[in-house]
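Number of protein chains: 2
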Amino acid sequence: MASSELIRQISRTSASKIVLIAIDGLGGLPLAETGKTELETANTPNLDALAARSVCGLSDPVGAGITPGSAPGHLTLFGYDPVSCLIGRGVLEALGVDFALGPDDVAARGNLCTVDENGLVTDRRAGRVTTEKNQELCRLLDGQEIDGVRIIVRLVKEHRLVVIFRGGGLSAGVNDSDPQQEGVTPKEVTAVEPEAKANRTAAIANQFIARAKAALAAHYPANMVLLRGFSKQPELPTMTEIYKLKPAAIASYPMYRGLARVAGMKVLETGATPEEEAETLKQNFKNHDFFFVHIKATDTAGEDGDFNRKVAVLEEVDRALDKVIGLEPDVIVVTGDHSTPALLKGHSWHPVPVLLYSRWCRPDGVSRFSESACISGGLGRIAATEIMPLAMANALKLDKFGA
Amino acid sequence: MASSELIRQISRTSASKIVLIAIDGLGGLPLAETGKTELETANTPNLDALAARSVCGLSDPVGAGITPGSAPGHLTLFGYDPVSCLIGRGVLEALGVDFALGPDDVAARGNLCTVDENGLVTDRRAGRVTTEKNQELCRLLDGQEIDGVRIIVRLVKEHRLVVIFRGGGLSAGVNDSDPQQEGVTPKEVTAVEPEAKANRTAAIANQFIARAKAALAAHYPANMVLLRGFSKQPELPTMTEIYKLKPAAIASYPMYRGLARVAGMKVLETGATPEEEAETLKQNFKNHDFFFVHIKATDTAGEDGDFNRKVAVLEEVDRALDKVIGLEPDVIVVTGDHSTPALLKGHSWHPVPVLLYSRWCRPDGVSRFSESACISGGLGRIAATEIMPLAMANALKLDKFGA
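If you read the sequences in order, they're chains A and B. Under the numbering used here, the residue at position 316 of the first sequence is numbered 364, and the numbers go up by one with no gaps. Under the numbering used here, the residue at position 49 of the second sequence is numbered 97, and the numbers go up by one with no gaps.
Only chain A is shown next, with the shape it has when bound in the complex:
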């Protein structure tokens, strides 16, 4: 596969426009009764007609057999190597609440938990404390300063929160305080990197945890906090640096907006339905040359094991596609970040259908956008990191390589 360094050398700006539609959890598995997946069950005339004018295939987000989380699933679609560009849990939680992380911020995922009089964790989720109570406690913990480091605490949901350590040049090279089991004490945060910065992070984190314990003492069962996944935002080259694009993201869920920001995209305000997202695309179409359009509801339906709802969302996407096609983008890619078969009720390793339309694609015999039809597509089975170079090429945004 061509490296992003190579792509950076040969990419060029042009007037052409690329729309990348990422249908979250797109791939599925067939029902025993019908032998058809969600996508094969859905009535998708627009996708099918587009497939007939496109080159199709199947893509592996991370590698054969690997079930990707949301972060690697999306970074790979943007053309980043998902293994070397791993995003830590703390950063992902911060992105997920739309928190604008700075390059030096260290973020950690927090759990409110319960400890007994001996300091042993008796419930890692503090009896699934309510979001409202958590909000109250986050306000209690937020805004402290320890040794020149500002500590920002933000609610996520239920017992989950995120802690950001800002300033003071901290390193994220420390281990979790979360012991990942009950009946033991929380772990002391210690440096895993042999450098002074990590020691300082550990000292400050431990001080924060001690203060939090004191502040939460009266709030049983949420009388302690566990931290894990200390991480900084990865230093990725932006999509503008690699592809010379002016990229924009149309996504309603905070985490995907955050991931788009990590890749250097401008995040547009939008409604959440496919129809509303298509309208956002239309309104902003002249201002950008690359659009990442994220559809969340397919993944949610898959995770819920709701085959029929996933089918219905796919049909909704198909209807909204009409408006996208009407804008006449030079390149349209329709794919997903991974499969989420309703039968498995979760992300899976199965390859994801991909369709690439452009005036310059070499169409194949595929006239139906589905898992089984895409097997015989002209793209074959590709790594998801190859999608961006293919989109760029089809937009005539890549120069010839070599003399």
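Please keep in mind that the hints were generated in silico from the structure rather than gathered at the bench. Each statement offered as a hint is correct.
Copies of one chain are not kept apart here, so a pair can be met inside one copy or by any two copies together.
Straight-line distance between alpha carbons at most 30 Å, and here's what the computed DSS-like set of lysine-lysine pairs gives: (1) K205 with K448; (2) K65 with K448; (3) K448 with K84; (4) K448 with K314; (5) K235 with K292; (6) K235 with K448; (7) K292 with K448; (8) K334 with K371; (9) K292 with K393; (10) K393 with K294; (11) K65 with K393; (12) K393 with K448; (13) K84 with K65; (14) K330 with K294; (15) K314 with K330; (16) K334 with K393; (17) K294 with K334; (18) K314 with K65.
Here the structure of chain A is known, so what remains is to put chain B in place on it, guided by the hints.
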């Protein structure tokens, strides 16, 4: 492709069971008269029915155009990179006679040969000396000690033997004494690594060769020995370390038993026919969660250029498959380590059919297990190193990668 380091991070134990059936030299070439390969000629109702419930494809053991030896062909099936995990000739011969190599043993392949009065090699195979005579000479050479290093000599077959240098912390970084041609003198063994250990190996090997020459003087034409392929067992992580499996091998030929041991498998006692191997699987099914079942006779028939015998063995495998399916393993993979077309009378570079059955595979339209049918399978054309991650995923033994 996902690295074994990544797989190691996300693998987990579970009750599910994987059976990997490696039909040695599986792939073939079509006869001009029928247009059908060995596999396409064979009557294989069980394989075909299983293919219809499986995802199929073609795999390249090492890379496009590369004809693998038995060692890389198998290591790649176990998920090891066949290029970086190369096994030396000496080690392979030791494995082939079921010799239990220690981690510090240096092994070299030996040839009995003929030298004339001037010390020039006149026959690199000593007139194809008989196995019985070789056995007698091996006893003569075996069991010496030179400078604290014990020297073990084992018969292989005809003029072939293996010499193991045990103890004394030797390095394998020395060149061959075998000049690979006649009419010249054997080469002096010299260090190719600039370290004292390699110099010591060279000195001891040369002393052994001098002693052998003296001991063999009266045994013309087998009056000298040539050594090549000095090597140590590669330090591979075991399949238990990578996959957290409790793996077992069902193979009757020593070399494959040895390769399985290198990968950390327990080698089970078994009969040699497919039917007997299936019975061994049945008897041991509850004790392991991964089984490598090796079928040798297909490769032998291919090497002999015996198209019809290869067809017959494949039909035998098909009948034995019934018993395997009856055990209801969670994942069944049927493939080969490489192709051995009877028309070529040897290993070849052609991709190998692969079938992966599990409850969670996404079946394709393939309903015949054959080279031509597998072209349009849902796996597409994969690297053989991807087979283990796919088997693990389908056994639900891999956690999600990344947040």
